[in-house]
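> Read off the chains here:
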Amino acid sequence: MTKWRTLIAASLFGSTLIGGPAATHTLRIGLAEDPNVLDPTLSRTFVSGVVRTALCDKLFDIGLELEIVPQLATKWEWTDDKKGLVISLRPGVKFHDGKPFDAAAVKYSIERHMTMPGSTRKSDISAISGVEIIDDHTAKLVLSAPFAPLLAQLTGPAGTIISPKAAQAAGENFGSHPVCAGPFKFVERIAQDRIVVERCADYWDKDKIKLDRIVYLPIPDSTVRLANLQSGGLDLTQIAATDIDTVRNDPHLRLAAVNGIGYSGITMNVANGERSKSPLGRDARVRQALELSIDREALNQVVFNGENQPGNQWVSPGNPYYIKERPIPARDLAKAKALLAAASVPNPVMTMTATNNPVVIQTAQVIQAMAKESGFDIRIQATEFASALQLAARGDFEAFLLGWTGRIDPDGNIYNLVTCNSPFNDGHYCSTEVDRELNAARAVDARTERLAHYRIVAQHILQDLPIIYLYHQKWLYAFSARLSGFAPYPDGLIRPQRLGLD
Amino acid sequence: MTTFLLRRLALVLPTLFFVSVLVFGLQQLLPGDAALALAGEERDPAVITFLRQKYHLDQPLPVRYVLWVEGVLKGDLGESIRIKRPVRDLVLEKLPVTAELAALAIVIALSIGLPMGILAAVKNDTAVDYAATMTALWGRSIPNFWLGILLIMLFSVQLGLLPASGFVSPAESLSRNLATLIMPAFVLGNAIAAVMMRHTRSAMLEVLSADYVRTARAKGLSERQVVLRHALRNALLPVITLGALEFGELLSGAVLTEQVFTIPGFGKLIVDAVFNRDYAVVQGVVLCTALAFILLNLFADVAYALVNPRLRG
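Protein sequence lines, in the order shown, are assigned to chains A and B. Take 1 as the starting number for the first sequence in our numbering and just add one per residue. Take 1 as the starting number for the second sequence in our numbering and just add one per residue.
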């Protein structure tokens, strides 16, 4: 009897330890890493975007189907020459410091993104040459040339509007206490431990906010993240594909998935230094043979339990900008061998760099095994991420298995990665036709017109193969059955609107 | 004793200097570029050039070292390039967490290792001795991260008694603070307990066969008094040294354990810093842990010298 009493007492003590102040309306979200600085102008990581989504509203946002919807804007209009975007701003919005949101704040924020030293937003909005204040609630973005992806860029960090007063006072340290106009305001951050935000009573769309607080907890190990979710230490987190079954079999947990906007592929070194002078780098037929050796569906089944979406272009097959005339090629070993024979390299030896993450290495091994059947001898070079980035930038690679997190507009998934002399174009691929068509696609607005240009781009890219696109990752979330109103967005960010805890 | 202390203290500065040069030099051997690592996916050349200039990454190594030392002498350990916070603040924020975890781990190690070591020595060559040795071997052989995950699965997922990971400061709630630290402290303490047990056992065996113990027994003292009062006191010397060294080691960050239990201490700080080439953080943390380690060593030496005057020289 005493033993039982002790046990019950122990469990009661335990439950209070776990419960604690994490009360009913505090949502605890597990992050895969500790975000870097939370300043929208300087921030560079995906996870800092997750936290910023609760703190900072943007001029525009995306909907569940990737459609662009106004957020701090109410409507917008292009000028006739497409070199000006007139934005009407939402009235009655206040920043967390009580200052009003107006056209001056838009001008300040956009100019800060454009000019602040170290700003990572510069390249997002390089088309903007200035911001004009038309009246308190109307601003005009002036462009140096028409730029169709601008609205999409303004759904991201470049469209984030911050409190000018707070930003001027904090200077470079704004990121340690961001003041914006989002549904939640910043409370505290303990590096590598937690970031706490609380509901802003003056939020313009406060009816949609049901939570009092959100606590973001960086937990790098996916097993530990899942254990926290199972034991009630977390309410919502992203999970690995290998954990899906555990979540499905747990009656207290729910699963949600959505196709992401990024891609994973093999970037080829075609012209960056000495290591491009291999059969793989010099002869497109060798790259075509490699592509034909890969069974993308099998790769998806083996490594990702079939959860990701196989793909062969910079956008996924479901995207409106996918070129349907060029579907995923089926595996064809005979054709691959014929191409290698025509290139006079029946058994090409190549090194594929891969970051030392178990899933990436497994993907590399599956490709290695598949390509072996058509005569390739692939050596895998597992490299830690920071070193791999340096190798890529220096051209010290032949093929690099690498992902791109993705952008809303198709331009963001291709332009900087394949145009001549672009800083992200590690393989130094360069084609004047591709550059011309990609620039033309930026200058027109209608989808059909842009698609016509992308169709020509696809002809070249899928023939030259500077990147062999492999698959598009899904965002997988597991969450407590107590959580209501959760909908996964293609950009992977967690919007706190409508979320509630029962 | 004063001369002894002064002589030992005089060695602190050169040691720290040597450690700092070593850390500074070794870090540069790491492949990768801090500015590139920071820029990540969006490698805007203008941003990279700006970062290189701002953090003096474009300067030759000796110049960077001198700049860093100048800062250190003024109490400025630099700034984390990744989260833009002063390294001094980060160190001050993490040190209490790691120190508390280390202290708890040592307490657990002592409370398992000492009694087991004494018992094994007193019951030398019996089933109890073998069992204690086996347990010690198990404690030392089991990988920390694996034991950590097993504990999480049992106490958090299955029984729901303890939080799976994270840290709550003692100022916020002492009970929740202990609840978050008990598993990681046990994982660390368990491994150290094994070494403590082996050291206590061998020291006790040596002492138990000494003449003065036989004398004590001949005086008619109870076995309990002989073991705990006479033998243990002398046998504890090497264990104290060991404890100080292990504590120093724990202060340098229990990398894997802190990672598994998401304890925001030195271990996690330094791992993230190395992966992101956040040089200032690595240097700052290593310098502080080196200092702590040196001071703990000094403490052990002084304690030893106090007990054994022959060492004072």
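Careful: at least some of the hints might be erroneous.
As the list claims (entries may be wrong) - For lysine-lysine, the following DSSO-like pairs were computed, each having C-alpha atoms within a straight-line distance of at most 27 Å:
1) A/Lys-122 with A/Lys-107
2) A/Lys-107 with B/Lys-219
3) B/Lys-84 with A/Lys-122
4) A/Lys-277 with A/Lys-210
5) A/Lys-140 with A/Lys-165
6) B/Lys-84 with A/Lys-165
Since the hints were made in silico from the structure, they are not lab data.
> All hints are to be evaluated individually against the structure, with a verdict given for each.
To see whether the hints hold, each was checked on the structure:
1. A/Lys-122 with A/Lys-107: 15 Å, holds
2. A/Lys-107 with B/Lys-219: 92 Å, violated
3. B/Lys-84 with A/Lys-122: 20 Å, holds
4. A/Lys-277 with A/Lys-210: Violated: A/Lys-277 and A/Lys-210 sit about 59 Å apart, past 27 Å.
5. A/Lys-140 with A/Lys-165: At roughly 21 Å apart (the allowed maximum being 27 Å), A/Lys-165 and A/Lys-140 satisfy the hint.
6. B/Lys-84 with A/Lys-165: 20 Å, holds
In this structure, the hints that do not hold are numbers 2, 4, in rising order.
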